[in-house]
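Visitor: Dock the two chains into a complex; use the hints.
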Amino acid sequence: MAKSFLEELLPHQVNQQKELLKAHEKAQKIIERASKKANQILIQSNFFHKSLKESLRQELKDAIGKSVQTYQKELETGIKKSLVDLQEIIKKQLKDNQEFLQSKTKEQMTLIEKDLLDYKQQKKLEIDKLMEIEIRKLVTDNFIKSMPESMKEKLIFEALESAKKDGFFTNY
Amino acid sequence: MDFSPIIKQLVTVDQANDLLSELENLSKSIYLTGNKFSGNLKKIDIRYYNALFGLLEKNDKKEVLKKLIEEIKKLPIVNVNLSFYPSFQLVEKMSDWLEESIGKKGLIFIKNKQELFTKVELEYNGSYIKC
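Chains A and B are the protein sequences, given in the same order.
Residue numbering for the first sequence follows the numbering used here, beginning at 1 and increasing consecutively.
Residue numbering for the second sequence follows the numbering used here, beginning at 1 and increasing consecutively.
There could be a bad hint or two in this list.
[To be verified] As a list, the in silico BS3-like pairs of lysine-lysine whose alpha-carbon atoms are at most 30 Å apart:
1) 129(A) - 113(B)
2) 154(A) - 111(B)
3) 137(A) - 104(B)
4) 164(A) - 105(B)
5) 111(B) - 152(A)
6) 165(A) - 28(B)
7) 130(B) - 165(A)
8) 165(A) - 61(B)
9) 152(A) - 67(B)
10) 93(B) - 164(A)
11) 154(A) - 119(B)
12) 119(B) - 129(A)
13) 61(B) - 28(B)
14) 119(B) - 137(A)
15) 137(A) - 130(B)
16) 164(A) - 74(B)
17) 111(B) - 129(A)
18) 119(B) - 145(A)
19) 124(A) - 113(B)
20) 152(A) - 28(B)
21) 154(A) - 130(B)
22) 164(A) - 58(B)
23) 119(B) - 152(A)
[To be verified] What follows is a list of derived Cβ distance ranges for each label pair:
24) 74(B) - 153(A): 26 to 34 Å
25) 113(A) - 109(B): 50 to 58 Å
26) 113(A) - 125(B): 54 to 62 Å
27) 128(B) - 105(A): 23 to 31 Å
28) 153(A) - 109(B): 14 to 22 Å
Read the hints as simulated data drawn from the structure, not as lab findings.
In this text, a Cβ means the ideal position worked out from N, Cα and C, and glycines have one as well.
Bound-form chain B, shown alone (with noise of 0.2 Å):
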């Protein structure tokens, strides 16, 4: 199962919580009679919600969403602590940027610290880094 149209569109820690939560959702909804499950697929984010469709159509829809959740869940977090909010563009920018030059998909969690002013502060895997 290719679960990359997916995953590429994830940029923040905070998107893929709420796709996290969205999914959880459905997946509870599987065996539930009525729509329910339609109706709870329908809430999914138009920027998963095709590729996800395709996928639950061609394979057994408890596993693709299992399976999916644990992708997710296993996507490395790298913290990056600025002074500013840096425009949603520039964050796309910066995870393009990482998987570009590390060749891994991660997620970015921006967290705002004024006295850092020009520096900016990286933090991935229990490291550190002041630049």
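This is chain A alone, in the form it adopts within the complex (with noise of 0.2 Å):
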């Protein structure tokens, strides 16, 4: 093949031309199979990070499951252990309420029945008192009411008399 001016003029350029050429398509292959291999790390990580994310997921679900599941029987046990508790202290709560009640029904019972006695002696003294009274009040009806006109006029004039004796008269 026939030289070109320029190869002709400059041939030392060509060569370089040449040289660089093949070292640009070097360059290229280079940069092609790093860029595949870069491609080929991409889709690897790629991949790994997916699997690890899935790993990771799986990881997180299981924990998350057991400390649900932990939680859970934690939770079980504190409420079955609260409710115990609760039901003892519901327990103490109703046998105090019950002694307190009972204690103060029975000073209630103790006070009703004393007032209750009071108020039966009272009244059974009142009633003593009416029917002495009543009893009396008869009997002086029915003395007076039997009483002679004699014993009416010997009553009076002897306490005229008596007054007389005593001065009671005296300022008449």
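Guide: Encoded structure:
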């Protein structure tokens, strides 16, 4: 092939150019290979990332599941214990209340019984007094009604004489 | 003026009050027209009527009535509390006893106090005795 004018004029330049082209091609190949490798790495990395993510998700899920289970168990145990404790507290409170109520009821009963007894005694006394008054009145009534006029006269004049003797009529 | 025939008839405070009321009515009718005075005079209890009529005939009516009212009001009162009501005869006897024993006419006021039973309470001139 006939050499170009430039090859004729600057042969070393042309060689250099060729070398450059070769280098460029080589570089191109290297880059392609590198790019290919990088892509592979990237794909692998993606895959790894995906797998790791999945693994982590599963791990997390398992951990959460375990935690939930543990928490659920603890919660159940806690609730059971609380219920038992509450039951005990309620039992104790009920017992205390029952005892308090029994004591108060007994106290009130004693008071009521005492009041009732006092009331009965007071009423009995009142009735006895009323009876006595009524009986006395009845006896007096009967006595007075059946008192002969002579006795009434005697009573009055004895009183008048006695008063006179005591000087009651001195200022008459 | 002798009021003793009228005064002598008085035994109890109630009798005296009745007579006083009649005398006061009579006194108010002295100067009234018509027969109002004689009409009121006829209303006077028969026990006092004759004696009062005699006095009114011989003396000034107003004077007689005024003095008689004063005389009755001056009579001492003896309160007698008893568990029973005595008969009027018995009250008259008491009145006679007071006049004879003490020498003065008095009026008797009987009050029933059953609780006294056989006791007698006497009240006179602010004094009290239970026999």
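Visitor: The structure should be examined with respect to each hint, and the outcome stated for every one.
Guide: Structure-based check of each hint:
Restraint check: the Cα-Cα separation between residue 129(A) and residue 113(B) comes to about 19 Å, which is no more than 30 Å; the hinted pair holds. For a cut-off of 30 Å, the pair hint linking residue 154(A) to residue 111(B) stands: about 18 Å separates their Cα positions. A hinted pair counts as satisfied when its Cα atoms are at most 30 Å apart, and residue 137(A) with residue 104(B) does not qualify at roughly 37 Å. Simply put, residue 164(A) and residue 105(B) have alpha-carbon atoms about 15 Å apart, close enough for the 30 Å limit, and the pair holds.
In summary, the hint linking residue 111(B) to residue 152(A) is supported, as the alpha carbons are separated by about 15 Å, within the 30 Å threshold. With a CA separation close to 45 Å, the supplied pair residue 165(A) and residue 28(B) exceeds the 30 Å bound. Simply put, residue 130(B) and residue 165(A) have alpha-carbon atoms about 13 Å apart, close enough for the 30 Å limit, and the pair holds. The suggested pairing of residue 165(A) with residue 61(B) is violated, with an alpha-carbon distance near 43 Å, which exceeds 30 Å.
In summary, the hint linking residue 152(A) to residue 67(B) is not supported, as the alpha carbons are separated by about 37 Å, beyond the 30 Å threshold. For the given pair, residue 93(B) sits about 16 Å from residue 164(A) by alpha-carbon distance, which is consistent with the 30 Å threshold. For a cut-off of 30 Å, the pair hint linking residue 154(A) to residue 119(B) stands: about 11 Å separates their Cα positions. For the given pair, residue 119(B) sits about 22 Å from residue 129(A) by alpha-carbon distance, which is consistent with the 30 Å threshold.
Distance check on the hinted pair: residue 61(B) and residue 28(B) sit about 11 Å apart at the alpha-carbon level, within 30 Å; holds. For the proposed pair residue 119(B) and residue 137(A), the alpha carbon gap of about 15 Å is at most 30 Å, so the pair holds. A C-alpha spacing of about 20 Å is found between residue 137(A) and residue 130(B), which places the hinted pair at or below 30 Å, so the restraint holds. Taken as a hint, the residue 164(A) and residue 74(B) pair is honoured in the structure, with Cα atoms around 22 Å apart against an allowance of 30 Å.
Annotation: proposed proximity of residue 111(B) to residue 129(A) holds, straight-line Cα distance about 26 Å (limit 30 Å). Restraint check for residue 119(B) and residue 145(A): satisfied, since their Cα atoms lie roughly 15 Å apart, inside the 30 Å limit. Restraint check for residue 124(A) and residue 113(B): satisfied, since their Cα atoms lie roughly 28 Å apart, inside the 30 Å limit. Restraint check for residue 152(A) and residue 28(B): not satisfied, since their Cα atoms lie roughly 43 Å apart, outside the 30 Å limit.
A hinted pair counts as satisfied when its Cα atoms are at most 30 Å apart, and residue 154(A) with residue 130(B) qualifies at roughly 15 Å. Pair hint residue 164(A) plus residue 58(B) does not hold up; C-alpha atoms about 40 Å apart against a cutoff of 30 Å. The hinted pair formed by residue 119(B) and residue 152(A) meets the criterion: a straight-line CA distance of about 10 Å does not exceed 30 Å. Judged by the Cβ atoms, the range 26 to 34 Å given for residue 74(B) and residue 153(A) holds: they are separated by roughly 29 Å.
Between residue 113(A) and residue 109(B) the beta carbon distance is about 55 Å. The supplied range of 50 to 58 Å therefore holds. Distance hint for residue 113(A) and residue 125(B): a CB-CB separation of about 59 Å, consistent with the stated range 54 to 62 Å. Between residue 128(B) and residue 105(A) the Cβ separation comes to about 60 Å, which falls outside the hinted range of 23 to 31 Å. At about 19 Å, the beta-carbon gap between residue 153(A) and residue 109(B) stays in the expected band of 14 to 22 Å.
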